[in-house]
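**Q** Protein chains in written order, with our numbering: chain P, 1 to 457; chain V, 1 to 337.
Since the hints were derived computationally from the structure, they do not count as laboratory data.
Yeah, the Cβ is synthetic: ideal placement off N, Cα and C, and Gly gets one too.
One or more of the hints may lead you astray.
[Stated by the list, open to error] Computed spacing ranges between beta-carbons, pair by pair:
1) Thr-408/P to Glu-251/V: 41 to 49 Å
2) Asp-398/P to Phe-22/V: 26 to 34 Å
3) Phe-402/P to Glu-214/V: 36 to 44 Å
4) Asp-398/P to Phe-235/V: 38 to 46 Å
5) Leu-16/V to Leu-266/P: 27 to 35 Å
6) Asp-398/P to Tyr-184/V: 17 to 25 Å
7) Leu-9/V to Ser-92/P: 47 to 55 Å
8) Phe-22/V to Glu-338/P: 53 to 61 Å
9) Phe-147/V to Gly-429/P: 37 to 45 Å
10) Trp-356/P to Leu-180/V: 32 to 40 Å
[To be verified] One side of the interface only, derived from the structure: several residues of chain P facing chain V at Cβ under 10 Å:
11) Trp-42
12) Phe-187
13) Ala-446
14) Asp-447
[Claimed, not checked] If the Cβ cut is set under 7 Å, some of the chain V residues that face chain P in the computed set are:
15) Met-1
16) Thr-2
17) Leu-5
18) Leu-7
19) Phe-8
20) Leu-11
21) Ile-15
22) Pro-148
23) Phe-151
24) Glu-152
25) Leu-155
26) Lys-170
27) Leu-172
28) Arg-173
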Amino acid sequence: MLFNSITFLLFHFLFVGIYWMVPQQKVRQVVLLLSSVLFYGWYYWPALILLGISILVNYGFSRWIDSAEQKKKIVTLAVVVNLCSLGWFKYSAFISANLVAFFSSFGITLSDPPASAWLPLGISFYTFQVIGYLVDVGRGEIRAERNLLAFGVFKCFYGQLVAGPIVRAHTLIPQLKEKRVFRASDFLLGIYLLIAGLAMKVCLADTLAQFVDYGFANPNELEIATAWLTLYAFAAQILSDFWGYSTVAIGLGLMYGIKLPINFNLPYLATSIREFWHRWHITLSEWLRDYLYIPLGGNRKHQHRNLFLTMLLGGIWHGASWNFVFWGAGHGIWLVLERVCPKMLPANRFFLIVKWLLVFNGVCLLWVFFRAPTFPVAMDFFQALLIPPFTMKDSPPDALIFILLGFTAYTAILGKSLTDRRFLDWGLGRQVGLTILLVLLILSFADARLDFIYFVF
Amino acid sequence: MTRRLLLFLALFVSILAALELFVRANGASFEALSDRLAFQIRVFERSPEDTAALFLGTSRFADAIDQTVFSDAVSERVEEDVRAVNGAMGGINLGEIMEFAEVVVDSPSLPRVIVEVSGPSVTMGTTKSPDPSSEDLAMSGPDVERFPDRFENRLQGWFLDHSSLVRYRKALRPRTFLRLAILYSANFVDPGKWARKGVIRELLTSSDSEIPEEAFAALTPVRFSPDSPVGKHSFSEEDLIEDPVFQGMVEIAEILKESSAEVTWVAPPVSEVMQPSEGGAKRRAIYERIARDYEVTILDYSGISFDPAWFRDQSHLNEKGRTLFSRLVARDLSSDW
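Same shape as in the complex, but just chain P (with noise of 0.2 Å):
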């Protein structure tokens, strides 16, 4: 079920509404589980069978692993397996293909191994959620749910299975157990976030998509300009689709009286790397520092290997292609590198503007990699956006530049409110004002559905 459909809409509302009619938390948790296996198998039924194997089987290894006296060997085990299960259906294709080609390289023919047919929705994501709940029973930072009821909503809450936020256990459990006081003003807000993050991802993220997915699919006709709006429209994209897809997952836990953490923070006006990657994709940076940057030896020893290798992976995860290598790679090389030389620039307000200059179309060239669908494609590309002869005797679509400044309009004036309660204290006109505003605008762009992008990772 897509978060951008009429399904969806009336399925949350009916299940709000059946949540609140009942008092018991224990019922309530029951609500939340029946909803999110409908949600989940409402797309590919399926799926469903790998998503109860995984609750199941990752339940017996937290109760086993708070347990045994030898924790990290079964925290080993249990991270393997879910890799494992990971790496079957994401990346075996991408694997088999390169053993295939790095063998014939030496004449050797190898017939394709087998891989996984399709690739489970939101894999990525729960995968990672509770590797992190595994590791931190491993800890002993949280003890392993005895409530398997409690723990299945924690791996399969419908508001972020699909494509996160990533929640850790100590924030979400507790909430999922202790019985939930109904808050106006959370609901209130939530109905807000939810209609912001829709029309996010309906008027900006879809209506940008055609502009992108033209020139990324034809890099040879891009003459320069169009080329670098198509890349600005890329950068818009995507923080669109998952920005507003956060945010719809962020106002429906709201509405259960869930309170997610924020995953988006106006990235892109940040003057670092770093601070980039403290504004995007936040529960996964966090995620990434936790769980793989501190246990490789973080700050204390081989600190520019540990953050590479960091971002590598953070790269490989996102998608099994060399392209995602090359992404990863390239915010590694640049996170280091700011490491190494952290004042190569003074700290006056005209080097700050320049530093954000620099950091911005620097993050929007490294989406080169990410959007191209081929590393050939990526290189058309850059020849489009900086090999010379650049030629320029078309003007890039007006269309185009129009949504560019509905984008920045929109992130200027409703960017903060999406990541705190101002909301809340806003007068009652302006918040009908403005929801209605963001419906008509919704209705208005609906056009066709497209899914977002983060389902495919």
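Position chain V against the provided structure of chain P, taking the given hints into account.
**A** Positioned in the frame of chain P, the structure of chain V alone reads:
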């Protein structure tokens, strides 16, 4: 806060309900604002009674004809005030052109209509309805096999059928303000200006439209009229009848023959690489046949040598090309005005 939430919900629902009623009460206007064709027809219908010519066609014609330049050039030649409206638009298909042609038939005061000879991609198009109904949605598309998609399509169809706010939702886009401005300024500002690609750049750059006179004089179209001698060609009757360009022209000509307006067909210029191979013998045969059967004049500019600098792409003229071509068509039509 509970009171605030209830007030919020009550106001929210009331405003949406009021909007729904407002849109229902003004359905015709919202339809025009939510659909390109309905909008273009509305612009034409708002034009004054003494409109002397209507251009009908695709984005190529929309880009190729500046109605102000054309009107001024014809007025100068025939020494009377002539006003033309360019009703051509991008993204139009055969069905939509035919729908517009029906409007021409219902406009007895319109003396002349100039129709673009469109390419096969347009003439092979089908009639487009602005929004599918629930039945269309339930019957169409490959997704209907999956229950979730079928369910969602039915829900969407239900809302489309029962809510005017949803049906005419495109009228709610920010662009509507532009459309309203176009609609109400159509009598003194060329509406085509706003619809053309690169309008921002054109507004920001000064337009240098000076065309060398010798170049202008040398550009003459091939003219096909009802009494033109029929040339020899090797195409069978079947070859012609099955040609999509021929079929498209016949569909439109059949409608326009009911009109009191004089019909002229114009094939706009294309860049050299797009010009028909072997001199466009089949096209010539089609034009001869249409001119004779429907007693119309056809001006074919597709074979003339237009400077590549006058195109914005292979088949669309830019600002300079548009000015030149509008004057050319005015010159070639005003002889029998």
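**Q** So, for every hint listed, does it hold in this structure?
**A** Hint-by-hint comparison with the structure:
Checked against the hint of 41 to 49 Å, the pair Thr-408/P and Glu-251/V passes, with Cβ atoms roughly 46 Å apart. About 30 Å separates the C-beta atoms of Asp-398/P and Phe-22/V, a value consistent with the hinted range of 26 to 34 Å. With their beta carbons about 41 Å apart, Phe-402/P and Glu-214/V fall inside the hinted range of 36 to 44 Å. Range check, Asp-398/P to Phe-235/V: about 42 Å between beta-carbon atoms, so the 38 to 46 Å window is met.
Separated by about 30 Å at the C-beta atoms, Leu-16/V and Leu-266/P satisfy the suggested range of 27 to 35 Å. The supplied range of 17 to 25 Å is met by Asp-398/P and Tyr-184/V, whose beta-carbon atoms lie about 21 Å from each other. At roughly 49 Å, the beta carbons of Leu-9/V and Ser-92/P sit within the given window of 47 to 55 Å. Distance hint check for Phe-22/V and Glu-338/P: the Cβ-Cβ separation is about 55 Å, which falls inside the suggested range of 53 to 61 Å.
Taken as a hint, the range 37 to 45 Å holds for the pair Phe-147/V and Gly-429/P, whose Cβ atoms sit roughly 43 Å apart. In this structure the hint that Trp-356/P and Leu-180/V lie 32 to 40 Å apart at CB holds, the actual value being about 38 Å. Because the closest C-beta pair between Trp-42/P and chain V is about 5 Å apart, less than 10 Å, the hint holds. Hint status for Phe-187/P relative to chain V: holds, with the closest Cβ pair at about 6 Å, below 10 Å.
Of the supplied interface hints, the one on Ala-446/P holds, with its beta-carbon coming within about 7 Å of a beta-carbon of chain V, less than 10 Å. Hint status for Asp-447/P relative to chain V: holds, with the closest Cβ pair at about 9 Å, below 10 Å. Taking 7 Å as the C-beta contact cut-off toward chain P, the hint placing Met-1/V at the interface holds, the least distance being around 4 Å. Proximity of Thr-2/V to chain P holds as hinted, the smallest CB-CB distance being about 4 Å (cut-off 7 Å).
The beta carbon of Leu-5/V comes within 4 Å of a beta carbon in chain P, closer than 7 Å, and the hint placing it at the interface holds. Interface restraint check for Leu-7/V: the shortest CB-CB distance to chain P comes to about 6 Å, inside 7 Å, so the restraint holds. With a least beta-carbon distance of about 6 Å to chain P, the hint placing Phe-8/V at the interface is held under the 7 Å criterion. The restraint placing Leu-11/V at the interface with chain P holds, with a minimum CB-CB distance near 5 Å, inside the 7 Å limit.
Because the smallest distance between the Cβ of Ile-15/V and any Cβ of chain P comes to about 5 Å, under 7 Å, the interface hint for this residue holds. At a threshold of 7 Å, the smallest CB-CB gap from Pro-148/V to chain P is about 5 Å, leaving the interface hint in force. Of the supplied interface hints, the one on Phe-151/V holds, with its beta-carbon coming within about 6 Å of a beta-carbon of chain P, less than 7 Å. Residue-level restraint check for Glu-152/V holds (minimum Cβ-Cβ distance to chain P is 5 Å; threshold 7 Å).
Checking Leu-155/V against chain P: minimum C-beta separation of about 4 Å stays under 7 Å; hint holds. Given the 7 Å rule on beta carbons, the hint for Lys-170/V holds: about 6 Å separates it from the nearest Cβ of chain P. For Leu-172/V, the shortest C-beta to C-beta distance to chain P is roughly 4 Å, which falls under 7 Å, so the interface hint holds. With a cut of 7 Å, the hint placing Arg-173/V at the interface with chain P holds, because the nearest CB-to-CB distance is about 4 Å.
Consistency with the previously given hints is maintained throughout, with no hint failing.
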